[in-house]
Amino acid sequence: EFDFAVLPNGMYSQEAFMPAWTAKRGEFDGTIIHSSQYLTTDIAKGKKVLVIGSAKSAIDIAVDASKISGSPPALLFRGAHWCTPLKLFGFIPYQHIFLSRFGQALV
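Every letter in the sequence shown is one number past the one before it in this note's numbering, and letter 21, counting from 1, is 45.
The hints are simulated quantities; they were obtained by calculation from the structure and are not laboratory data.
It is possible that part of the hints are untrue.
Computed list of lysine-lysine pairs in DSS-like fashion (alpha-carbon distance at most 27 Å, straight line) [what the hints assert, rightly or not]:
no., residue 1, residue 2
1, Lys80, Lys91
2, Lys72, Lys48
3, Lys91, Lys69
4, Lys91, Lys72
5, Lys69, Lys48
6, Lys71, Lys48
7, Lys80, Lys69
Label pairs and their calculated CB-CB ranges [to be verified]:
no., residue 1, residue 2, range
8, Phe126, Ala98, 35 to 43 Å
9, Lys69, Trp106, 24 to 32 Å
10, Lys48, Ala129, 50 to 58 Å
11, Leu63, Gly103, 27 to 35 Å
12, Phe126, Trp106, 19 to 27 Å
13, Gly50, Tyr118, 39 to 47 Å
Model, not experiment: these values are computed from the prediction.
All C-beta atoms, glycine included, are put in the ideal place defined by N, C-alpha and C.
Taking the hints into account, I'd like the entire structure generated from these sequences.
In structure tokens, the structure reads:
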């Protein structure tokens, strides 16, 4: 049972793609939004949040919502996605280590 669902299928899309099944709500009477509509944490305050997807936007929204939602957000996805951090140890850019000759020597 959830009362808020987010579809993060591309924050920078020209138009928010909402699958056809979102119109057929069934027993779900909560709010369904696209990730481009998630602008503040207030929208998830005190709600049980379901984030559909596992890419960058989905993880960002799940972490953000976890700080204010009523319970830990749930992630729903077809297959696992390997997310990489922007910086290692908070200050070393990821690509400088793994996308360089030094990184190739490590593997």
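Cross-check of the supplied hints:
1. Lys80 / Lys91: holds, 17 Å
2. Lys72 / Lys48: Between Lys72 and Lys48 the Cα gap is close to 20 Å, so the pair holds against 27 Å.
3. Lys91 / Lys69: holds, 9 Å
4. Lys91 / Lys72: holds, 12 Å
5. Lys69 / Lys48: holds, 25 Å
6. Lys71 / Lys48: holds, 21 Å
7. Lys80 / Lys69: holds, 21 Å
8. Phe126 / Ala98: 35 to 43 Å: Holds, since Phe126 and Ala98 (Cβ atoms, about 39 Å apart) stay within the stated range.
9. Lys69 / Trp106: 24 to 32 Å: holds, 31 Å
10. Lys48 / Ala129: 50 to 58 Å: holds, 53 Å
11. Leu63 / Gly103: 27 to 35 Å: At 28 Å between Cβs, range holds.
12. Phe126 / Trp106: 19 to 27 Å: holds, 21 Å
13. Gly50 / Tyr118: 39 to 47 Å: For Tyr118 against Gly50, whose Cβ atoms are near 41 Å apart, the range 39 to 47 Å holds.
When the structure is compared with the earlier hints, no violation turns up for any of them.
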